[in-house]
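Asks: Chain order of the listed sequences is W and Y.
Mind the numbering: the first sequence is residues 1 to 148 in the numbering used here, read in order.
Mind the numbering: the second sequence is residues 1001 to 1073 in the numbering used here, read in order.
Simulated from the structure, these hints should not be mistaken for laboratory data.
Please read all numbers here as calculations on a predicted model, not as lab measurements.
Backbone N, C-alpha and C fix where the C-beta goes; we use that ideal spot for every residue, glycine too.
Mixed in with the good hints there might be a few duds.
If you want the footprint, here are the derived chain W segments under chain Y, 3+ residues with CB under 8 Å [to be verified]:
| # | segment |
| --- | --- |
| 1 | 12-21 |
| 2 | 95-101 |
Chain Y residues, not near chain W, derived (Cβ > 12 Å throughout) [unchecked claim]:
| # | residue |
| --- | --- |
| 3 | Val1001 |
| 4 | Glu1021 |
| 5 | His1029 |
| 6 | Ala1047 |
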Amino acid sequence: MMDRSTPALGDLFQDIILEHYRRPRNQGMLAGATRHVHMNNPTCGDEVHLYLRVEEGVVRGISFEGEGCSISQASISMMTQILKDQPVAEGLRLAERFKAMMHGDPAAAADRDLRDARALAGVSRFPTRVKCALLGWDAFEKASDCPG
Amino acid sequence: VFSFAMKGIHPHDVATILDAEGVAVRAGHHCTQPLMRRLAVPATTRASCFVYNTREDLDRLVEGLEKAREIFG
Chain W
1 MMDRSTPALG DLFQDIILEH YRRPRNQGML AGATRHVHMN NPTCGDEVHL
51 YLRVEEGVVR GISFEGEGCS ISQASISMMT QILKDQPVAE GLRLAERFKA
101 MMHGDPAAAA DRDLRDARAL AGVSRFPTRV KCALLGWDAF EKASDCPG
Chain Y
1001 VFSFAMKGIH PHDVATILDA EGVAVRAGHH CTQPLMRRLA VPATTRASCF
1051 VYNTREDLDR LVEGLEKARE IFG
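Okay, chain W solo, but in the shape it has when bound (with noise of 0.2 Å):
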């Protein structure tokens, strides 16, 4: 059955997601980036800029610009930690596993390929946020399906 109880703050705004908010990993432009991919939310404002190097089917750079909320920015460092260097078909696995999370699936959320991203599994519990996590992932998804 279903927790209906008021799920606590404290899944939520872990120490590891406001320490990934304040000093956001991969941050800026990439050089020689090969992929560009601009992705916001407009219900809500939250915004990034996903920039890809990949070279024979593999992330070798990757980096975003961006601006929202901590989970939404949280998630996007973290997401760019877990991608640098894993081939883009490794990647849209991951983010298959992040969505499942996402659903509130264990298993999802147990799996140590998802690394720091794992402490948003508490995003599943608080619905209206959990658009905010998938912003990043929505947007290497969009550019995983760009040529080069």
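Based on these hints, arrange chain Y on the given structure of chain W.
Replies: Same frame as chain W, but now just chain Y:
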């Protein structure tokens, strides 16, 4: 009705924290994106009070904002 911004804390984060404290506010653009741009803020948090609100309700709002500041330090 008043809109406000807290330094260093995104309005949606403020709203989530207030929600958990039992205080319902609106966060976002309030359909005034040009004004948000003019004010150079990503969004604002908006509290709407009416005749049924009590002094205690407002105290809870303030406590919630203090909690937000505590979390985001």
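Asks: Please go over all the hints and tell whether each is borne out by the structure.
Replies: Each hint, compared with the structure:
A count of 3 residues in the segment 12-21 of chain W with a Cβ less than 8 Å from any Cβ of chain Y is obtained; the coverage claim is therefore met, three being the minimum. A stretch counts as covered by a chain when three or more of its residues have a beta carbon under 8 Å from one of that chain; for the segment 95-101 of chain W and chain Y the count is 0, and the coverage is violated. No Cβ of chain W approaches the Cβ of Val1001/Y within 12 Å, the least distance being about 20 Å, so the stated non-interface status holds. Not every C-beta of chain W lies more than 12 Å from that of Glu1021/Y, the closest at about 9 Å, which undercuts listing it as non-interface.
Not every beta carbon of chain W lies more than 12 Å from that of His1029/Y, the smallest distance being close to 6 Å; the non-interface claim is violated. Every beta carbon of chain W lies more than 12 Å from that of Ala1047/Y, the smallest distance being close to 18 Å; the non-interface claim holds.
Hint violations for this structure: numbers 2, 4, 5, all remaining hints satisfied.
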